[in-house]
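Each residue of the sequence shown is one higher than the last, beginning at 1 in our numbering.
30 Å max Cα-Cα, derived DSSO-like pairs, lysine-lysine:
#1 Lys77 to Lys230
#2 Lys77 to Lys227
#3 Lys230 to Lys78
#4 Lys260 to Lys43
#5 Lys78 to Lys227
Pairwise CB distance ranges, derived in the manner of DEER restraints:
#6 Ile311 to Asp44: 38 to 46 Å
#7 Arg413 to Arg102: 41 to 49 Å
#8 Leu411 to Val100: 42 to 50 Å
#9 Val323 to Val134: 43 to 51 Å
To be clear, the hints were calculated from the coordinates, so they are not data collected in a lab. Ideal placement from N, C-alpha and C gives every residue a C-beta, glycine not left out.
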Amino acid sequence: MLVKGLDTLFALNIGSSLASNRTYIILGGLFGCSAYLISAVIKDISYLILSHGVIFGIAYGFSYGPALVVLGRYFDKKRGIASSLGNMGVSVGSLVFPPVIRLLLDSYGLRGALAVIGGILLNLCVAGALMRPVTFYQDKTDKIDHGQKVWATNSDVYDSNKVKIPSNDEKENHIIKADPINYYNLSNVVKNSDIIQTSSTQKQKLQGLDKRIQTTKHLCKKVVHFKVLKNALFRMWIPVCFLGIIGCVQIVIFIPPHAKDLQISDSDITLLVIIVGASNFISKILLAYFIYINLMPKHILIALSLIITGISCMFISFYTNFVTMTILSVIFGVFGSVYFGLFPAVLVDFVGLEHLSGAMAINMLMQGLGLSISNPILGFLRDMTGSFHASFYLMGTTLIISGAILFLEPLCRRMEIRRTAAQYLQTQIDIQPL
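Kindly generate the complete structure, drawing on both the sequences and the hints.
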C-alpha cells in the first residue's frame with residue numbers, strides 16, 4: 001500500500017508533466033496484469049513481495065488516483081453524485097467477484113485463477129482509453145490563462161513584426177517591436193543602459209540553459225504541492241484519511257477470518273462478503289440521492305458514516321454467529337463505503353479543482369502509510385490476544401477519531417478564509433505602483 005501511495009504521488013505530481021492521467025490508467029492495467037501473471041508462475045512465496053507487493057502497488061497507484069482526478073474534472077455541480085455512482089463499481093465487484101473467484105479456484109486452481117484475474121485487469125486499459133482529458137472538449141482559446149491573447153502577423157521568423165499583448169489592466173497595452181531576425185526593443189524594460197547586444201548563438205544557448213533550469217525547478221516543486229499544505233481544511237483532512245482508511249479497508253478483510261474463528265462455514269463466509277457488496281451497492285444509490293437533495297454537507301455524511309462504522313466495531317464481542325455477523329456486514333456495507341464515494345468531491349470542496357491533483361496525491365500517500373502501518377499492528381494484536389477483538393477495537397477507535405475530526409470543519413474554514421484574505425491583501429499591496 002505504501003508503494004501505491006508513492007506511485008500515486010509520482011503520477012499526479014511529477015508524472016503529470018510527462019504523461020496524461022489516461023496514460024497512467026492504461027499503464028496501471030498493464031502492470032496489474034503483469035503482477036498477477038507473475039504471481040501465477042512463481043514458486044517461491046518471497047517473490048510475491050515483488051509481484052503482488054511492488055508491481056501491483058504500482059498498478060493500483062497508477063490507475064486509482066488518476067481515475068478519480070479525471071472523474072472530478074468531468075463534473076462540477078453534480079461532482080458528488082458522479083463520485084458516488086462512479087465508485088459503485090467497487091460495490092459491483094464486491095458483489096460479483098467472491099463467487100467468481102471461488103468458481104475460478106475450483107475450476108482452474110490457484111495459478112489458473114490468478115492468470116484469469118490478470119486478464120480481467122486488462123480491462124483497465126480499455127477504461128483508460130475511454131477517459132479523454134477535459135481539454136479534448138475545450139476550445140484552443142480556453143487554454144490561454146487570464147484572458148491573455150497573442151496575435152502575430154507578417155514576419156520571417158516569428159511570422160510577425162509586432163506582437164500585441166493586452167495586459168489585465170484595460171488602460172495599458174504593450175507593443176513589442178521586432179526586426180525580421182531576432183532583436184528586441186527593450187527600452188521600456190532595461191534602464192540605465194543604452195543598449196544590450198547579444199549574438200543569436202549566445203542568446204539561444206542562454207535561452208536553452210534558462211529553459212532547462214526552469215524545467216528542473218518546476219519538476220522539483222511538483223514533487224509535493226506545498227501550496228495545498230497551507231490550506232487549513234486540507235491539513236485537517238490529512239489525519240482523517242490516515243486514520244479513516246484503516247477501518248474502511250481492513251474491516252472487510254477481517255470479517256472472513258473472524259467468521260472462521262466463530263466456526264462459520266466457508267459458504268456462509270462467502271455469503272457475508274456478498275452481503276457487504278450488496279449493502280454497499282444499495283448504499284451508493286441512497287448516497288447519490290442524499291447528495292442530490294442536499295440533505296447535509298458531504299463532509300458531514302463522511303463523518304457520520306465513519307463514526308457509525310467505528311461504533312459497530314466496538315461491539316465485536318457480541319457478534320458470535322452468522323446472524324450477528326450478517327448485521328455487522330450490513331452496517332459496514334452501508335456506512336463503510338461512504339468515505340470512498342465522497343472523498344474526491346470533498347477534496348474539491350476543500351482545496352478547489354486547481355489543486356485537486358496535488359491534494360489527491362498526498363491523500364493517497366497518507367492512505368498508503370495508514371494501511372502499511374496498521375497491517376502489522378492489527379496482525380500483532382491477533383497473535384498476542386488469540387482473537388480479532390483487539391484488532392476491531394483499534395479499527396473502531398481510528399474510525400471514530402477520524403469522523404470526529406471532520407466536525408472541526410467550520411473552525412478550519414474560518415482559518416482558511418482569514419489566510420486567503422490576508423494573502424489577497426498582501427498581493428494588492430505588492431502590485432501598488434510606487
